[in-house]
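**Q** Sequence:
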Amino acid sequence: MTSIRVYKLGGPALEDPGLLAPLAAELKRTRGPVLLVHGGGRSVERALAARGLESRFVDGRRVTTEEGMEVVEGVLSGLVNKGLTAGLVRCGVPAVGLSGRDGALITARTEAALGRVGTPETVRPDVLHALWAAGLVPVVAPVSSDISGRALNVNADEAALALARAVRATSLVYLSDVDGVRLDGRTVDVLDADQAARRIADGAIAGGMAMKVRTALEAAAAGIDEVVIAGVARLQGSFAGTRVGGAARAAAEARP
Numbered sequence: 160m161t162s163i164r165v166y167k168l169g170g171p172a173l174e175d176p177g178l179l180a181p182l183a184a185e186l187k188r189t190r191g192p193v194l195l196v197h198g199g200g201r202s203v204e205r206a207l208a209a210r211g212l213e214s215r216f217v218d219g220r221r222v223t224t225e226e227g228m229e230v231v232e233g234v235l236s237g238l239v240n241k242g243l244t245a246g247l248v249r250c251g252v253p254a255v256g257l258s259g260r261d262g263a264l265i266t267a268r269t270e271a272a273l274g275r276v277g278t279p280e281t282v283r284p285d286v287l288h289a290l291w292a293a294g295l296v297p298v299v300a301p302v303s304s305d306i307s308g309r310a311l312n313v314n315a316d317e318a319a320l321a322l323a324r325a326v327r328a329t330s331l332v333y334l335s336d337v338d339g340v341r342l343d344g345r346t347v348d349v350l351d352a353d354q355a356a357r358r359i360a361d362g363a364i365a366g367g368m369a370m371k372v373r374t375a376l377e378a379a380a381a382g383i384d385e386v387v388i389a390g391v392a393r394l395q396g397s398f399a400g401t402r403v404g405g406a407a408r409a410a411a412e413a414r415p
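Every letter in the sequence shown is one number past the one before it in my numbering, and letter 146, counting from 1, is 305.
The hints are simulated quantities; they were obtained by calculation from the structure and are not laboratory data.
Please read all numbers here as calculations on a predicted model, not as lab measurements.
Even for Gly, the Cβ is constructed at its ideal location relative to N, Cα and C.
Among the hints, erroneous ones may be present.
[Unchecked claim] Simulated DEER-style distance windows between Cβ atoms: (1) Leu238 - Val286: 14 to 24 Å; (2) Gly262 - Thr189: 14 to 24 Å; (3) Arg345 - Gly396: 18 to 28 Å; (4) Ala293 - Arg357: 41 to 51 Å; (5) Arg215 - Gln395: 27 to 37 Å; (6) Val286 - Glu225: 26 to 36 Å; (7) Arg283 - Asp353: 14 to 24 Å; (8) Ala184 - Arg268: 33 to 43 Å.
Work the whole structure out from these sequences, hints included.
**A** Written as structure tokens, this is what we have:
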């Protein structure tokens with residue numbers, strides 16, 4: 160069985176050009192097909208502010224108006240996606256940029272209370288398989304379509320999970336602005352489902368990290384063998400990240 164690894168990229172790993180080379184090196188070390196899904200919230204934030212539009216979040220999702228959706232798509236599917244793709248190509252990765260709207264890759268269900276925001280519902284990975292067959296690396300912006308074809312703002316963590324499930328990925332790595340999950344002042348190697356539920360309930364894991372951990376747990380429960388929350392330290396070779404879910408507990412119990 161072919162091993163497929165999915166990376167979700169956000170935070171400084173997305174914005175710091177100095178990290179493109181180590182990111183490219185990690186992608187090139189990966190055996191089998193690899194897929195990169197990216198966010199770009201900071202770039203979106205700046206573009207919205209420049210147009211005088213408010214940024215507001217509910218449970219880690221950006222409330223998105225009609226006008227705001229134009230900005231989100233232009234930034235994520237245009238500026239960020241093409242810039243990242245070009246940077247990877249310069250570093251020797253045969254990257255191809257696309258969004259969830261291309262080839263009907265992701266169709267999402269509208270979350271009406273949040274405006275033009277969606278949750279992935281259907282994935283058609285044909286375009287990914289075609290790119291892999293050609294030896295290329297897909298770089299996907301999370302903007303997706305609703306059933307009528309309108310653009311929706313989809314959280315990149317959720318888009319990465321939906322794609323990973325659809326292609327039966329064996330590994331899903333979330334690369335963000337933290338090197339892993341921090342608990343009681345330290346970044347932990349492993350985090351099982353029971354511990355995660357307790358620490359979300361007591362507020363130790365909150366905000367965007369709580370959503371990321373919930374999504375990672377969902378990925379582990381869906382049968383993805385390796386689910387990791389990591390950051391710049393992984394690209395620099397100093398800390399691989401926090402392994403999340405049932406597999407994490409097994410890894411912890413196996414240690415002497």
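**Q** Do the beta carbons of Arg283 and Asp353 sit within 14 to 24 Å of each other?
**A** violated, 35 Å
**Q** That 33 to 43 Å hint for Ala184 and Arg268 (C-beta), does it hold up?
**A** holds, 37 Å
**Q** Verify the CB-CB distance for Val286 and Glu225 against the hinted window 26 to 36 Å.
**A** Once the Cβ atoms are compared, 27 Å apart, the range 26 to 36 Å for Glu225 and Val286 holds.
**Q** Between Arg215 and Gln395, does the beta-carbon spacing fit 27 to 37 Å?
**A** holds, 34 Å
**Q** Do the Cβ positions of Leu238 and Val286 conform to the proposed distance bound of 14 to 24 Å?
**A** holds, 21 Å
**Q** Hint says 41 to 51 Å; check whether the CB-CB distance for Ala293 and Arg357 agrees.
**A** Holds, at about 46 Å.
**Q** In this structure, is the beta-carbon distance linking Arg345 and Gly396 contained in 18 to 28 Å?
**A** At roughly 19 Å between Cβ atoms, Gly396 and Arg345 fall inside 18 to 28 Å, so the hint holds.
**Q** Using the C-beta atoms of Gly262 and Thr189, is the stated range 14 to 24 Å upheld?
**A** With a Cβ separation near 23 Å, Gly262 and Thr189 satisfy 14 to 24 Å, so the hint holds.
In this structure, only the earlier hint numbered 7 is contradicted, and the remaining ones agree with it.
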